[in-house]
Amino acid sequence: MSRWVSLIVIAALVSPWLRSVLPVAAVSPFVALVSAVAARSVGIITLIGLPMLILAVLVPRVFCRFVCPVGFLQEMAARLRLPGRARWRSWPRVGRWFLWLTIGGALAGYPLFVWLDPLALFTGFFSAFRLPTTIATIGAGALLPLAMLLDVLFPGAWCKRMCPLGALQEALAIAKQSLANRTRATDESLFSCPHSPVIPTSSPFALARRPLIASLVGGAGALLARHTAAKPPPLRPPGSLPEDQFTGVCIRCSGCIRVCPSRILKPDLGQHGLAGLLAPVADFDTAYCKEDCNACGQVCPSGAIQRLSLAEKKRSIMGIAKVELSRCWLAEGRDCTACIRSCPYEALSVSSDGFDSHPALDASKCIGCGACEAACPARPERAIRVFSNNLTG
Amino acid sequence: MIPLSHAVARRKLLQWFASAGLGPAIGSKLVADEVGAAKGARELQPTPVEDRPHYPAFLRDGQVIQPERPLPVFRETDVLVVGGGAAGFAAAVSAARAGVKTMLVERYGYLGGLWTGGIVLVVISTHATQNGDLTQVVRGIGGDLMDRLAKVQPGIVNYEPGKHNPTSDPEATKFMMDQMITEAGVDIAFHCWATDVIMEGNTIRGVVFDSKAGRQAILAKVVIDTTGDGDIFAAAGAEHEQRLHAIGLVHRIGNVDRVDKDKLAQAGLKQMGSIEPLPSVRWVNLRGPSTNGLDIAELTRLEIEHRKAIWERVQKIRATPGGEDVYLMQVAPQLGVRTTRLLAGTHQLTYQESREPRTFPDTVAIGGAQNGKHAGWPIPYGVLLPKKLDGLLTAGRSSCVDEKLVEDMRLIASCLTTGHAAGAAAALAVKDNCTPRDVDIAKLQALLKEQGAYLG
Ligand SMILES: Cc1cc2nc3c(=O)[nH]c(=O)nc-3n(C[C@H](O)[C@H](O)[C@H](O)COP(=O)(O)OP(=O)(O)OC[C@H]3O[C@@H](n4cnc5c(N)ncnc54)[C@H](O)[C@@H]3O)c2cc1C
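Chains as they are written, first to last, in my numbering: chain A, 14 to 406; chain B, 579 to 1034.
No lab work stands behind these hints, which were simulated from the structure alone.
The beta carbon of each residue, even a glycine, is placed where N, CA and C say it ideally should be.
Just to be clear, a hint being listed does not mean it is correct.
BS3-like, lysine-lysine: derived pairs with alpha carbons at most 27 Å apart [said to hold, decoys possible]:
#1 K966/B to K335/A
#2 K982/B to K327/A
#3 K303/A to K335/A
#4 K848/B to K335/A
#5 K303/A to K951/B
#6 K894/B to K966/B
Heads up, incomplete: computed chain A residues facing chain B, CB under 8 Å, no partners named [unchecked claim]:
#7 P29
#8 R53
#9 G56
#10 D369
#11 R392
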């Protein structure tokens, strides 16, 4: 009976999110912390997650207990538990490693495993329904069900052992505890909740050794990841962090892809290397990045896409247009001015010495919105295309 | 004194009245009686100029004065189409096919305007992607013309199913337009240059034209201005805009199959023109400076400068290794004036409107996509209809659009479809005895569909 109740509760919890584009993951203190560290900036959206971080210091596992939808789903799923032995105690505590690798990575500008945040998994699952069905999107959507399945089979395996957000809260509790240890004896009653971590009572140095090693490894991994950023970088949404950080800070929630009214943002299906998998790429096949829209930055929970005002957005450079004269209709002698007319920033004009005419670009006015590319009639390949120049790494 | 025939005697008398300043009222009545015998009779020839009364202009106080005078009425018709370009051709055929008496006057000796005389041969945006499929939007009169061209050799290329933006042969196009115009029963007069309008209050009642047979009048119930330059609506005082645009001159070169493209490209000669139905022949576009296409001095200067530039360019090709066999086949008889006057219509269609999905209650044509990939854009009747003036419609490159949409509206494809719409609307106005402004839109759309037009 209770199984049915659980299923209904799960369904009730899940269904409202199917169409939402709220930046849910911004609530996660893990996302807030590592993306702020990686981007070296604190945006409005970070401020949603930080109070939760402070709260987590005061109340152990507060997020897991009161906020995390995945935790709640797990609890519900746990009630579906199939008869058998629970063997989660033998699972390694990989969550800590994810945490420290990611923090170390964030310090080096590239938070390696931020995408494992439970809220990222949660939103990723719902996004999968709205994205084209590919192996990559199915893979992303499968992470949440997988985590839940794991917990059904091995209760607590995900939440207590693997979740990096859980590990973060645990680490905060440990830090607080070890500080307290210096002044007074351990107060066991603090950790009366069922999720309470096992607190080792060793020296601060011993406590810090493993995180330190993991962070160093994470930092090295981050430098490596940044070094291997796709070159030239793919076209990212307006206001995106530099490419060598973007793929790290982006948690793959697909909020931007779903909110984009022009539908120019598509999940990267591996065309630009593994690092960018499922991150948003802009594609100007049929539409362009409208001058009166900044929706993607508004919903980005991690700040991978910065929040821009409309005025800032109109100056934010996504890329730059380039004309290939061998394909250009105007250069071929047709009276085509499709790209010139389409440009909202008046960056293009006709250049002509009579017989030879072509579109001329004023690079100082072009922000790479893609209007010209979308309008270009040349096929199969267009004569004017936008190329990313947001490379800094 | 040699006795004059009665008619000539009457004319002399008339002349006397007129020059005595008593004339106009009586005179116009008499002239109308005399030449007005033409009413409805197509075969009637106008009186030779020599036999008509003379009213030469004269100098008074250093000013050239044109005396008031009655004009012979060359024809009286239901619908008068002025200008036989792509738009005028489609308008005349549509009106005639709808069963009203239709007349077309054209200043030159052939139909097609810039398409055939300007040697602008590629009909861009004949198609659009509608509901996921490449769909021909230029149907009806324009579609009929292209279908017929597809049956002759050399007629039209890239017109097979699945293709779009066909290129037609100018001579085949002229010939086929002649055929369709006469077949439809349009009364056509070449070598007639419309110079003025006949007004009755706010309503246009006809036009005045000059010709080898002198200055004469044509009376009509509805006039369609497809001169491309809005000569008629401007003369009638209709609100309009005047724009500057690049003015070029197209030429054609032959033996293009024998050139070595790479060698020529090295010499900076890249543009070798666009294909045509004729083998080894290309038409070469020239953009030219942006200037006023209504200024005689500019038009004259550009004819000379462009012809010189063309001559020198072909000489340069011939002097370049790999281009020796190329020859200048033709310079377009018509200067490439792209845009001059645009009517201030009851609806100014904007580029923005054309790029967003929308419909209009008064859609009378569908504009195509230059690359065939985008959806068609509905064209409302209001772009053809003057704000205040009655009895007149425009179509083609002078239709009411904003600066950016000019580039789509002036394409041959949109000229054919808006011309078709104007012709059908004029016919309906005549049939329903109303002004074009009051035409029943549902009926107009039904007539257009009946004539094969595509309205989405
Ligand atoms: C250089 C150039 C390149 C172009 N390239 C392309 C292209 O690649 N593809 C494309 O689709 N379009 C192109 N265009 C545009 C297109 O050719 C024209 O806009 C279109 O043909 C205009 O058709 P129309 O019937 O509106 O006007 P027109 O073709 O100008 O027809 C007007 C007719 O009216 C006659 N006329 C004018 N005044 C009078 C008068 N007062 N009395 C009597 N008759 C009169 C003229 O002789 C002419 O026959 C180009 C235009 C130019 C100039």
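Structure-based check of all given hints:
1. K966/B to K335/A: With Cα atoms ~46 Å apart, K966/B and K335/A exceed 27 Å; violated.
2. K982/B to K327/A: Satisfied, since the Cα-Cα distance of roughly 21 Å is no more than 27 Å.
3. K303/A to K335/A: holds, 19 Å
4. K848/B to K335/A: Given that 27 Å is the threshold and the Cα spacing comes to 19 Å, the pair holds.
5. K303/A to K951/B: Distance of about 20 Å is within 27 Å: holds.
6. K894/B to K966/B: violated, 53 Å
7. P29: violated, 30 Å
8. R53: violated, 40 Å
9. G56: violated, 33 Å
10. D369: holds, 5 Å
11. R392: holds, 6 Å
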